[in-house]
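Colleague: Residue numbers (my numbering), protein chains in the order written: chain A, 1 to 247; chain L, 1 to 201.
It should be emphasised that the hints constitute simulated quantities derived from the structure, not laboratory data.
Ideal Cβ positions, reconstructed from N, Cα and C, are used throughout, including at glycine.
Keep in mind that a hint or two might mislead.
As the list claims (entries may be wrong) - Cross-link-like lysine to any residue pairs, in silico, SDA-like; alpha carbons within 25 angstroms at most:
1) A:Lys167 / A:Pro68
2) L:Lys194 / A:Lys167
3) L:Lys83 / A:Lys167
4) L:Lys86 / A:Pro68
5) L:Lys64 / L:Met1
6) L:Lys83 / A:Asp81
7) L:Lys131 / A:Arg102
8) L:Lys83 / A:Thr11
Unchecked claim - If we take Cβ atoms under 7 angstroms as the criterion, some of the chain L residues that face chain A in the derived model are:
9) Leu34
10) Thr73
11) Asp77
12) Gly149
13) Gln196
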Amino acid sequence: MERTALRGRLTWQLASVVELVPETARTRSIALDPPDWPGHRAGQHVDVRLTADDGYQAQRSYSIASAPEDEHLVLTVERLDDGEVSPYLVDELRGGDELELRGPIGGYFLWEESLGGPLLLVAGGSGVVPLRAIVRHHRAIESRVPLRLLYSARTLDEVIYRDELTKAESGDEVHVRFTLTREQPEGWQGYARRIDRELLADVAWPADERPLVYICGPTGFVETAADILVSLGHDAARIRTERFGPT
Amino acid sequence: MSPISRGFHGRREPDAEPSRVPPGQYVTDDFPVLSAGPTPHTSLDMWTFSIVGAVDEPKSWTWKELQSLPQETVTVDIHCVTKWSKLDTTWTGISVDTLLDGIETSAAYVLAFSDGGYTTNLPLEDVQGGKAWIAHGFGGEPLDPEHGGPARLLVPHLYFWKSAKWVRGLELREEDEPGFWEGYGYHNYGDPWKEQRYAGD
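Please build the complete structure, drawing on both the sequences and the hints.
Modeller: Encoded structure:
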């Protein structure tokens, strides 16, 4: 296993909000300009800290949605109805505000070309965010590593980066597949159910091609996807997971 | 000093005693799951717990042998580096003191190792003196696999990544060696009250 320790201390810094892009009804992308950014690797995250006027603070972690090559550092945040920080980031934060953050954090759930492939990315809901960073990085470096992305969302309206991911499909190298679990538009050509063994066997590389697998989503989704892939013969040591949300 | 985040008011936890919530943490009633890879499923017939490394004689217990040792039930607060804390969690297991009883060692550190290849390092004294358990029960039920069952290390005074899921043994070491997350830039010790999240904190 590659081990690349983070260097130095991760200090808090104030990043200006340079752009806000609504992605879906529940998600928004926040483009930031941190003054002292050491660069990141696709799949890493940052810690964000908010401070109320009485000094009360709240911290949360958010995945980085941008590729290392992109001009700005972008976070895509989903509003959790009972959340404390995400409603602020999705609904309240404005252009020109400053956001306190530190990072990049995480040395394992990331992809860089030296890790090879083929790549299988499996996203559930807003779990697509760090995987989108990997897709963008893959394109930015014009990687020839074959990549397949399976993205499960409840409805088409909830698919984040829909146009970008649809356009990422290219020749034999990049395949993007969607499954809509709750509601499908008329004439929908993609999958229309929760991930199961047959669906994953259909989309995934065969186990004997030893793909490098990244799964990100809610816990139940990640558990299901990882268990199925292991049962299909995939090496557990080549499956990297990132989970969020309540159990 | 952090500047004020315009328009942020925050949601104070009315039920949480501030003295029980370390800096930067929030209290949750959920039990989130964080793991770097798939959940291993080891049959209890094949399961053993071992103490190896800098010991005169390695020791090993089968699942059944472990269950026949004195069991303790403890109620503790747990703190995950990803910012959630869960108060008053009740665990059942075997004190690490019980397992180390009678073992002569010159070690000052332990490296806990787990199914799936996960490791984490701690000073030996942090798993001694009633501070650590091999826990197999949670809330009166067997510990779920996704939370580390059949058994996990429980070291509640440190960030929860030190409480290795799916634990299979402790390697006693004279020299410290970073475990899995410690090798990826997380703090070597991980005291939540000092907010030791990442290397250098």
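Colleague: Does L:Leu34 pass the interface check with chain A, least Cβ-Cβ distance below 7 angstroms?
Modeller: 6 angstroms, holds
Colleague: Does L:Gly149 hold up as a contact with chain A if the rule is Cβ-Cβ below 7 angstroms?
Modeller: Violated - the Cβ of L:Gly149 stays beyond 7 angstroms from chain A, reaching only about 13 angstroms at its closest.
Colleague: Would the stated hint for L:Gln196 survive a check requiring a Cβ distance to chain A of less than 7 angstroms?
Modeller: With Cβ-Cβ at 12 angstroms, over 7 angstroms, it is violated.
Colleague: Within 25 angstroms, alpha carbon to alpha carbon, are A:Lys167 and A:Pro68?
Modeller: 20 angstroms, holds
Colleague: Given the hint that L:Lys83 pairs with A:Asp81, does the C-alpha gap stay at or below 25 angstroms?
Modeller: 18 angstroms, holds
Colleague: Are the Cα positions of L:Lys131 and A:Arg102 separated by 25 angstroms at most?
Modeller: The given pair, whose Cα atoms are some 32 angstroms apart, is violated under the 25 angstroms limit.
Colleague: Is L:Lys64 within 25 angstroms of L:Met1, Cα to Cα?
Modeller: 54 angstroms, violated
Colleague: What's the verdict on L:Lys194 and A:Lys167, does the C-alpha distance respect the 25 angstroms limit or exceed it?
Modeller: Answer violated: L:Lys194 to A:Lys167 is near 47 angstroms, above 25 angstroms.
Colleague: Take a quick look at whether L:Lys83 and A:Thr11 sit within 25 angstroms of each other, Cα to Cα.
Modeller: 17 angstroms, holds
Colleague: For the pair supplied as a hint, L:Lys83 and A:Lys167, confirm whether the alpha-carbon distance does not exceed 25 angstroms.
Modeller: 36 angstroms, violated
Colleague: Quick check on L:Thr73 please, does its C-beta sit within 7 angstroms of some C-beta on chain A?
Modeller: 22 angstroms, violated
Colleague: Can the restraint linking L:Lys86 and A:Pro68 be considered satisfied, given a maximum Cα separation of 25 angstroms?
Modeller: The hint is violated at about 35 angstroms.
Taken one by one, the earlier hints fail for this structure at numbers 2, 3, 4, 5, 7, 10, 11, 12, 13, listed in ascending order.
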